[in-house]
Amino acid sequence: MRHFTTFLSIQESAGTISMIGTFVVVAVVLFVVLTSGKAEDKYEAKKKVYYYRRRYFWGLMALAFITLLISFKWMPYSKTSDVDEEVVTVVGFQWGWRMVNGASKDAPKDMMGESEITIPAGKTIKFDVTSIDVNHNFAIYDKSGNCVTQSQAMPGYHNNLRYKFQKPGNYKILCLEYCGVPHAFMVGEVHVK
Amino acid sequence: MEELTTTEYKKQRKLIIVWGITFLVVFPLLVTLGMLMRISHAELADISAERFYSFMTLHGLGMIGLLFSFAFAGIWYLLSTRYVKLKLSVGYFVYITVLLSVIGLAVAALIGKFGPGWYLLYPLPFIGGSWPVWTTGLSTVSLLALGVGWLIGILHVLYAMAKEYGGFTNMLGWQYIKNKEDKREIPVIVLASTISLVPGVLAILAGAVLLIMYLLQVMEPSLNFDALMLKNIVMFFGHTIANITMYCAVTWVYTLLPEYTKRPWYVDKVLVYSWNATFFFVCIAFLHHMYMDLEQPLYLQIIGQVASYSSAIPATAITMFGIISQLYHSRVKWGVVPLTFLFGAAGWAIGGLSAVVDSTISFNKVLHNTLWVPAHFHTYMLLGVVLFIFGYLYYVAGEKKDIHTGGVAKLGLWTYIIGAAGFLLMFYYGGMNSVPRRYNTYSGMGVDATHQAGVYGAKIAVFSIGILFIGLLIMYVTLFLKLTKKDETKNLD
Ligand code: HEM
Ligand SMILES: [Cu+2]
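Note that the protein sequences, when read in sequence, are chains G and F. So the first sequence is residues 758 to 950, counted in our numbering. So the second sequence is residues 15 to 507, counted in our numbering.
Don't take each hint at face value.
Residues from chain F that face chain G, not an exhaustive set, calculated with beta carbons under 7 Å [unchecked claim]:
#	residue
1	Ser144
2	Val147
3	Gly180
4	Pro450
Hints are computed from structural coordinates only; laboratory data are not their basis. All of these numbers come straight from a predicted model, not from anything done at the bench. Just so it is clear, CB atoms sit at the ideal spot from N, CA and C, and this is done for glycine as well.
With the hints as extra help, turn the sequences into a complete structure.
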């Protein structure tokens, strides 16, 4: 999903950050090993390391703080400014999904519905997600196999997940919370027109 | 404390060797279960879904149980031979309860195919499981026994330290903050293990409450607990235990690394602030497991992310920089022990970073419950805690005496690291391709790209685990040779 930048998906950003971090760590390890042969008084060595430690500490504090503030912008939680153009009610059960267009008036366990549903592109859809037995997780996958968003489906709770499908096409629903032996086969489908 | 007599010393040493051998026997068995899971993912062999999930459950509970138990045993040995008096009877009591509960869990999983995952997420163990009720009962009782064993062991250690160092606040290092001249000095391991073990006590108590609720549910099936509350409790338990396993192992590094670098490592104010902060963050970071429970109160979600980020700061700034300042220009001889300690810290840093990425809510909404999650915690377990354990075992086996003969051991270490890296990389690759975790097979999801990525990664993972096993074998042989060499015991300190 192109979200943070026009270049990288969230998954690619996660991979890139971790890879860069790994290179830095490996470089530090190599540096420590390769330079360890030089003898230096322990107080001198400590002073030097602590010089960098102070900078590292304040740098990291600043980075963590800024990242926190920025990242909160993309949280998937309900806001007062949310405008729901369509509603889909979703009930997870062992082992499948029942979905209907619109807010269902039935109790979750009485709701009839299909594992496939059709919705419009370009509109904010509110998925009202719950479960009638154990925990499941309603995850939407696009055609290229990327998870675009998800929400737990928990018995006794209604999670409101909002998503705007930009492109028409078929999206798969997978269950991302282990819910029993057939968990890997608990699929559904969303047709975006 | 009073000097340890030679017989007391030998007895404590025997206990850690018993623990060490147990680790060396059980660890490869649990790795084998992991390999079988990856074989199923790679579609190289047909493993039934029931089998897969019972392997997954036993692997997860077994690994966490084994690693935390050894982490605790490692602290026990260092404390008991240097700083405080610890009762052997309690030590063996912990050992026996751990052993019995592991047997109980293995019976439930391997015979009864008990398979709700390590976290037994309520109400899964009770609804729609393919495993019989007795397996839920047996596992619950086994886990309770494990908790009791750990609790008694930990409380004994905490009590002994409190007696030796004049109370709990001294163990937390608060006397350093007051700047008094005549303060009671403490070694780093006392501060660090107090901060690791007290959250452990809280976690075990929470786990016990949960298990008692489960027993009630077994007896009275009509009961109905709040699923979100129980998820919070189980995550507090599991996350905290997994976290402090690392912190416990780090206490050994604080204690042992100075012996190789000849640079003493003292408690100072900064260390006290940092570890006390860690105490706080370790206890609340678990909230990041509920990010995708959109009904969890918003302030808890935000606290979860803030705490997860914050816990990385003292860990890296103090422990990692501490390790660097130990080693930098130290002319240390790179035997296996300092090498595993340095590499272990690196593995911890890398796993920690990918954990922090995942603990960002806006990343978590696509990474949650994909293979990214096992990727990050296997990194800091396999390339962190397990490396520290091997370093510790080489230390106990007397590596210090003949530092220069570690060539073969180092070959084993490198082979292990290469195998582990390949295995881990494929978890990350899976996570980046949204491959779900806890799927016995990727063949049924109907998303071709994800299915293919999953199978492809699993194949390389299986191959890498093979390499890891070769590395393990080499390390085993060198460890065994060192251990059986007589006369090492006397020259350890
Ligand atoms: C080479 C060694 C290892 C291999 C091959 C391995 C393999 C695996 C695999 C394939 C899974 C299932 C992933 C999935 O969700 O699809 C898994 C889960 C897990 N592993 Fe490992 N693992 C190894 C080492 C460890 C270690 C050292 C620990 C230490 C704590 C550990 C703890 C766990 C836990 C807690 C789970 C989650 C179980 C659950 O979801 O209920 N593993 N491992
Ligand atoms: Cu499921």
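* **Numbers of the earlier hints that this structure fails to satisfy, in rising order** => 2, 3
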